[in-house]
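Student: So the chains spell out like this:
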Amino acid sequence: MEKATDHAHRLQTIANTRNFCIIAHIDHGKTTLSDRLLEMTKTIESRVLEEQQLDAMDLERERGITIRMHPVTLRYPALDGEIYRLNLIDTPGHVDFSYEVSRSLAACEGALLIIDAAQGIEAQTLANYHLALEHNLTIIPVINKIDLPAADPERVMAEIEELLVIERSECILASAKNGIGIENILEAIVARIPAPQGHTDLVRGLVFNAQFDPYRGVVSYVRVVDGAIESGTKFMSMAHERVYECTEVGLFAPQMRPTKRLSIGDVGYVIANVKSLGDIDVGDTITAANNPAHVALPGYRKAVPMVFCGLYPNEGAAYDALRDALEKLKLNDAALVFEPETSIALGFGFRCGFLGLLHMEIVQERLERDYTLDLIATSPSVVFRVTRTDGTVELVDNPSKLPPANLIAQLEEPYVKATIISPPDYVGAIMEIIQVRRGTLLNMEYLHDGRVILSYEMPLIEVIVDLFDQLKSRTKGYASLDYEPIGYRQGDLVKLEILLNGEAVDALSFIVARDKASNRGRLLAEKLKELIPRQMFEVPIQAAIGGKIVARETVSAMRKNVLAKCYGGDISRKRKLLEKQKAGKERMRRVGRVELPQEAFMAVLQLES
Amino acid sequence: MGDEALGGVYVHLPFCPYICPYCDFAKWPLRRSDAARYLSALHREIAESEPRLAENIFLGGGTPNAYDAAAIVELVARLTERFPEVDSQREITIEINPDAVRAGDIDAYARAGINRLSIGVQSFREEETRALGRRHSNADVERCVRDARKSGIRSLSVDLIFALPGQSEADWIESLDAAIALGVEHCSTYGLTIEPGTRFERLYARTPERFAEEDHEARLYEIAMDRLGAAGFEQYEISNFARPGHRSRHNGNYWRNGSYLGLGVGAASYLEGERSTATRLLAEYMEAVERGEPVPRERERLEGLARLGEAMMLALRTAQGVDASAFKQRYGIDPLVTYASTIAGFIEAGVLERSDEHLRLTRRGRLLANTVCGAFVTLE
Chain P
57 MEKATDHAHR
67 LQTIANTRNF
77 CIIAHIDHGK
87 TTLSDRLLEM
97 TKTIESRVLE
107 EQQLDAMDLE
117 RERGITIRMH
127 PVTLRYPALD
137 GEIYRLNLID
147 TPGHVDFSYE
157 VSRSLAACEG
167 ALLIIDAAQG
177 IEAQTLANYH
187 LALEHNLTII
197 PVINKIDLPA
207 ADPERVMAEI
217 EELLVIERSE
227 CILASAKNGI
237 GIENILEAIV
247 ARIPAPQGHT
257 DLVRGLVFNA
267 QFDPYRGVVS
277 YVRVVDGAIE
287 SGTKFMSMAH
297 ERVYECTEVG
307 LFAPQMRPTK
317 RLSIGDVGYV
327 IANVKSLGDI
337 DVGDTITAAN
347 NPAHVALPGY
357 RKAVPMVFCG
367 LYPNEGAAYD
377 ALRDALEKLK
387 LNDAALVFEP
397 ETSIALGFGF
407 RCGFLGLLHM
417 EIVQERLERD
427 YTLDLIATSP
437 SVVFRVTRTD
447 GTVELVDNPS
457 KLPPANLIAQ
467 LEEPYVKATI
477 ISPPDYVGAI
487 MEIIQVRRGT
497 LLNMEYLHDG
507 RVILSYEMPL
517 IEVIVDLFDQ
527 LKSRTKGYAS
537 LDYEPIGYRQ
547 GDLVKLEILL
557 NGEAVDALSF
567 IVARDKASNR
577 GRLLAEKLKE
587 LIPRQMFEVP
597 IQAAIGGKIV
607 ARETVSAMRK
617 NVLAKCYGGD
627 ISRKRKLLEK
637 QKAGKERMRR
647 VGRVELPQEA
657 FMAVLQLES
Chain A
24 MGDEALGGVY
34 VHLPFCPYIC
44 PYCDFAKWPL
54 RRSDAARYLS
64 ALHREIAESE
74 PRLAENIFLG
84 GGTPNAYDAA
94 AIVELVARLT
104 ERFPEVDSQR
114 EITIEINPDA
124 VRAGDIDAYA
134 RAGINRLSIG
144 VQSFREEETR
154 ALGRRHSNAD
164 VERCVRDARK
174 SGIRSLSVDL
184 IFALPGQSEA
194 DWIESLDAAI
204 ALGVEHCSTY
214 GLTIEPGTRF
224 ERLYARTPER
234 FAEEDHEARL
244 YEIAMDRLGA
254 AGFEQYEISN
264 FARPGHRSRH
274 NGNYWRNGSY
284 LGLGVGAASY
294 LEGERSTATR
304 LLAEYMEAVE
314 RGEPVPRERE
324 RLEGLARLGE
334 AMMLALRTAQ
344 GVDASAFKQR
354 YGIDPLVTYA
364 STIAGFIEAG
374 VLERSDEHLR
384 LTRRGRLLAN
394 TVCGAFVTLE
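Residue numbers (my numbering), protein chains in the order written: chain P, 57 to 665; chain A, 24 to 403.
The set of hints was computed from the structure by calculation and includes no laboratory data. Keep in mind the model is a prediction, meaning the values are calculated, not measured. The C-beta atom is built at its ideal place from N, Cα and C for all residues, glycine as well. Heads up, some of the hints might be wrong.
Anything over 10 Å on all C-beta distances counts as not near chain A; from chain P, calculated [as the list claims (entries may be wrong)]: (1) K98; (2) E210; (3) P250; (4) G273; (5) T303; (6) P354; (7) G625; (8) R631; (9) L661.
Some, not all, of what chain A presents toward chain P, calculated at C-beta under 7 Å [as the list claims (entries may be wrong)]: (10) G83; (11) E236; (12) E237; (13) D238; (14) H239; (15) Y277; (16) A291; (17) L294; (18) R298; (19) T302; (20) A372.
Rough simulated footprint, nothing fancy, chain P against chain A, three-plus residues with beta-carbon under 8 Å [claimed, not checked]: (21) 207 to 220; (22) 332 to 339.
Take these sequences, add in the hints, and give me the full structure.
Tutor: Below you can see the structure in the form of structure tokens.
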């Protein structure tokens, strides 16, 4: 039996707990504000903070994004004299990880919505806001960077009123960089965000993030919704219906600190000898094994890869190393999928699936940096849905596996709803960019400051090929983009094949809208001509659709490659020059008699439309 | 005295009255004090070398005739004393820059035993000569030839560079014809190579369009083969043409994979199967010699396939090519077996030809020698 004083203490603890996250468009100051909150509550000294920042993964720092950080508990003595526990749950900052974002939001009661005082609302601000609303979160709008010369908080407040339907009086003006408004933010968290509530007669915890630790197995980050999770008891993963013995639970204070139990409203970690993220993953509900809940917490789904590409080791010998590296990455990345694949051009490799383009780039970079693998990646593709003439339906994630046209009754491709916010000057350019990418305009709205919100439906493949880059360059970086999948649509699509020296190169084929196919084929042939070095033989490059040649270019035969000089008998030097040349050649891929540089396999991404 | 004769002795004289914008050899602008100190170091290095017979001697640079004739005469005397000739066919060559040749120099060379001159002409067209940073005139070149003939030197070579910025086919033919008309016995033609760290490299980075394109360069090379061939020169190596009996014996030794001793800064040696290159730092070279220490060298020793591959790279440059049975005997590996598929591919591509045991580059193969030879070198 619990003692009355303990019970009262626990109720007090719950009443004084706030779970919140920070959501923002990229570069609006999420990380700086988090740091300021940690400092202000003396959770971390600023010196430690700096070191911690330095420890962060290179990749994330270089890209100016935080992929995921562990949660932190802040201890805040509020103006009302009470001490509050504020659990800050980090959210990934990119559209690829929107499912992970949604799980983090589901673990909170409130959210700080950061908006840059100079830039105003951007596409991700809107996307995050709608996501937060879906989860019934209390939203505290924070207008950040008010000390910038270009800051215009009035305008931003007008936008917030108009677009988010939040009264301007609710906005907090802040500069995380200069420590302005931080106390107001902490007070608003205490005052506006409700304390957690839950049932005591059952146990349910939401796994909103999970990391793999090579020594301890999976560390699940859990928000306890109902009941309590205690170390030494058995719990069950409801998504995977597996039972584990909990070996340790604890809080983030800010480092992992073991406790006896996690109770309603707590945000902490659970360790239980789970071997892989495939066994317990983000969105999972854990419940007591001896008294399991009947219904899991809502919102779980398996990570669905949206973007696929082939990854091949540049040297055949590295195949095993690549498989090992993928398996290791998979331990910490449930969204990554891969299976062996063989290409005539590239040999043995893996078809890998990712949440999106950024996820793909991160995985590739990790394989290359952390595992020092030398990789060739094929152009990214999406998953096409093929209905054969005999009625069978199959999903095709590799263009070279598409059945012949005469066996296809229907070919569908994934679509997204894309939202773009831009200054009005670039609307023409954006419409042009989207139109050639088969987008349909759904809606167009003007904001207070004259900016425009455009929403489109368009094929996902058109987004992943080069939409981000194109928008960035054609709008000088002013337009922001966000998108969400909306299912499959039928498309008039064909497979474009590239033939080198008369032989089809499987890794260079791709699926494209019929009316754009000839043009893409011509552009790709031209690009390949640029990329393929002259060889001993003339190399014809052909683009073909269903066996019909739609474009042709020729790389003429090499004429001269001779080092005339003798270097005064310095034979070693001469030989080393040839060795270097040979090493360069060996990095190339042989397809029939043709030697192809690695870049050729990504050429389709570099076509100017 | 060492038991086996050296194929050659190379002596590097690194000083130049001025620096040419395309050159990346070990060289320094001439300063009297450095030059004198260097010469003393060289004398000491010679004196401390193991006495051996040597087939040929080559004085290269830099600009060897930046030294006055007396210094050259003295140097040759020391060399011939330390490295006596194997037979009366010995070739002693000096590279000369025609504008640094003074009256009586060549006569003094001849009396010291030098019997071959390699004249750094580069071009017979004045605007090209100037663009290359050279200061001689055609008259200087002609004077060298006259002096040489008067002194009884029977083997003369000129160096020419093609694929110069703006050089047309007609321009190149003009230089080739002038070399032929001069009556020299040997001609080396080099396509301009843009070397790292040279002024030409910077020029190329700024205005690559001024430099020759691959196809044009190929045509110029073909013109050289045709023009010199028609004039009675035999192309006995990728860059070298000679009238009968006038091939460079010293360079031939390199391509035969023969042994040689290099003396001086940056000089390369190949002794008892070890390749080594002396330091390219002038001060480091001189200080080591002065302290009586060995000259710092980068060394490597190739074995097995790597050694065979290098020998292929060298021999394929020559008209004679690779004699497979001789290779098999010398290196213990049969190249026709080891490289069978590579060779077959090259023969199919028309860049190699085979008759019995011999492999040679075809005419097209000579234009693509790097690609062909590069296939035989071994990567670690």
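Student: Take the hints in turn and mark each one as holding or not.
Tutor: For each hint, the structure was consulted:
no.: 1; hint: K98; verdict: holds (55 Å)
no.: 2; hint: E210; verdict: holds (52 Å)
no.: 3; hint: P250; verdict: holds (65 Å)
no.: 4; hint: G273; verdict: holds (41 Å)
no.: 5; hint: T303; verdict: holds (49 Å)
no.: 6; hint: P354; verdict: holds (58 Å)
no.: 7; hint: G625; verdict: violated (5 Å)
no.: 8; hint: R631; verdict: violated (5 Å)
no.: 9; hint: L661; verdict: holds (27 Å)
no.: 10; hint: G83; verdict: holds (5 Å)
no.: 11; hint: E236; verdict: violated (9 Å)
no.: 12; hint: E237; verdict: holds (5 Å)
no.: 13; hint: D238; verdict: holds (5 Å)
no.: 14; hint: H239; verdict: violated (9 Å)
no.: 15; hint: Y277; verdict: holds (5 Å)
no.: 16; hint: A291; verdict: holds (4 Å)
no.: 17; hint: L294; verdict: violated (12 Å)
no.: 18; hint: R298; verdict: holds (5 Å)
no.: 19; hint: T302; verdict: violated (13 Å)
no.: 20; hint: A372; verdict: holds (5 Å)
no.: 21; hint: 207 to 220; verdict: holds (count 4)
no.: 22; hint: 332 to 339; verdict: holds (count 3)
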